[in-house]
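Q: Chains as they are written, first to last, in this note's numbering: chain S, 162 to 400; chain G, 162 to 400.
Treat the hints with caution; some may be incorrect.
Same chains, same names: a pair is fine if it fits in one copy or spans any two.
As the list claims (entries may be wrong) - Straight line, CA to CA, 25 Å or less: simulated DMTMM-like cross-link-like pairs of lysine to aspartate or glutamate:
1) 329 <-> 230
2) 302 <-> 229
3) 302 <-> 230
4) 281 <-> 253
In short, the hints are calculated from the structure, not lab data.
There are 2 protein chains.
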Amino acid sequence: MSEPVALTFDVFGTVVDWRTSVAREGRAFGKRHGIETDWVRFADEWRGLYQPSMSRVRDGERPWAKLDDLHRESLCELLGRLGVVLGEGGLDDDAIDDFNRAWHRLDPWPDVVEGLTRLKRRYVLATLSNGNVALIVNMAKRAGLAWDAVLGAEVARCYKPQPDAYLKTAELLGLAPRECMMVAAHNDDLRAARALGFRTAFVRRALEYGPNQTGDLRAEDDFDVVAESFIDLADALGV
Amino acid sequence: MSEPVALTFDVFGTVVDWRTSVAREGRAFGKRHGIETDWVRFADEWRGLYQPSMSRVRDGERPWAKLDDLHRESLCELLGRLGVVLGEGGLDDDAIDDFNRAWHRLDPWPDVVEGLTRLKRRYVLATLSNGNVALIVNMAKRAGLAWDAVLGAEVARCYKPQPDAYLKTAELLGLAPRECMMVAAHNDDLRAARALGFRTAFVRRALEYGPNQTGDLRAEDDFDVVAESFIDLADALGV
Chain S
162 MSEPVALTFD
172 VFGTVVDWRT
182 SVAREGRAFG
192 KRHGIETDWV
202 RFADEWRGLY
212 QPSMSRVRDG
222 ERPWAKLDDL
232 HRESLCELLG
242 RLGVVLGEGG
252 LDDDAIDDFN
262 RAWHRLDPWP
272 DVVEGLTRLK
282 RRYVLATLSN
292 GNVALIVNMA
302 KRAGLAWDAV
312 LGAEVARCYK
322 PQPDAYLKTA
332 ELLGLAPREC
342 MMVAAHNDDL
352 RAARALGFRT
362 AFVRRALEYG
372 PNQTGDLRAE
382 DDFDVVAESF
392 IDLADALGV
Chain G
162 MSEPVALTFD
172 VFGTVVDWRT
182 SVAREGRAFG
192 KRHGIETDWV
202 RFADEWRGLY
212 QPSMSRVRDG
222 ERPWAKLDDL
232 HRESLCELLG
242 RLGVVLGEGG
252 LDDDAIDDFN
262 RAWHRLDPWP
272 DVVEGLTRLK
282 RRYVLATLSN
292 GNVALIVNMA
302 KRAGLAWDAV
312 LGAEVARCYK
322 PQPDAYLKTA
332 ELLGLAPREC
342 MMVAAHNDDL
352 RAARALGFRT
362 AFVRRALEYG
372 PNQTGDLRAE
382 DDFDVVAESF
392 IDLADALGV
């Protein structure tokens, strides 16, 4: 088996710890606007609306909408449930937009920057995320993630696990699927990529959903690499 | 006037010296395959077929084709003119593909890496080139160009100076055109971007077409910045 040329990365959960970061942003937002709630639970609920919101795009119930827009709709729904008045006489658009961009300000897991720096020496590092380009670019700029290319859902105009999200990313890189290795903390994502010919690396993120996480605690299939961190992944790939 | 958030870069001629680099690759290719010609002139002729090849896509004479494919067609035409036999009994596809990827191996002008490193501290640096994603990614990897995003023609599926190449790049960055500054060594490119609301920076590349260059020797319009190099551009923008 020849070497892969590019590593394509899932981002939310695999590269960044969205839960802790969104909760941190929520606490600051709450303080600024006098809103009290359990912000970790809020982060979980916000994330809970992620798959349903993409499903409506995948199923053709609505035209293409980028993740920033889906996140914002979910945010407004959750703030409404908390009794927060939005718009005139209440929270204005700028405040909502700013909190929505919490997803642009997620912190990487502690092993990520070092791991990516090593992996970048040998491989093309591309994102293959459902996050839109601006979100991933702004996150990378803030966190120091040295991607060679930001691809995935928005440029493919479809959400993982739909095949075109993977296939168009490989195509834009000028590579066959077998020349790409999908890196993710989620079995479903890796299974979808593998079915299309991608190689696969499972990186365990046992705290993505907090201490009581039940899913994705281990690789459920015979993926090419199983690693505990990006440093471990670099070790496994010999870079 | 508020600051731009992103700088969007033309690449061929502005960032990299395609003429010297393609001629260098040509000499190596010629040596390998016993083909003798003036490789600087060959580079000029190859580049000469660039605009006509894109025009056929722009005019709808043919469906979308990425620049690697247009480059390859032009290359085969030029090799044919030299009497080189292609295909069976002659030069094989791998040899043609490898020379075609000369455009992935272009050297930057000497001021580029230092200039980009400074500019990256404050701005999102995105390519807005007619080059396809793989071409720009491979070039950046080899030359150490630290783009935050590789966008432009292929993701917009249209070639500059058509408006969507600029507008879709800004949209993918989540920015209004006025938040983007187009950086180019070509007056036409900057005029097209400015007509859409982009800010503009002209960087003079008086040797792009060699010592006898006649066009683009000076900024022909009142662009926001006029610079002699990327270092000069960084100075002008105060970073």
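Q: Each hint needs a verdict: does it hold in this structure or not?
A: Evaluated hints:
1. In this assembly of identical chains, the alpha carbons of residue 329 and residue 230 lie at most 25 Å apart whether taken from the same copy (22 Å) or from different copies (17 Å).
2. Within a single copy, residue 302 and residue 229 get their C-alpha atoms as close as 17 Å, which meets the 25 Å cut-off; across copies the closest is 29 Å, which misses it.
3. In this homomeric assembly, residue 302 and residue 230 come within 25 Å of each other (Cα to Cα) only inside a single copy, at 21 Å, whereas the closest approach across copies is 32 Å.
4. For the homomeric pair residue 281 and residue 253, neither the shortest alpha-carbon distance inside one copy (42 Å) nor that between copies (32 Å) is at most 25 Å.
When held up to the earlier numbered hints, the structure conflicts with hint 4 and nothing else.
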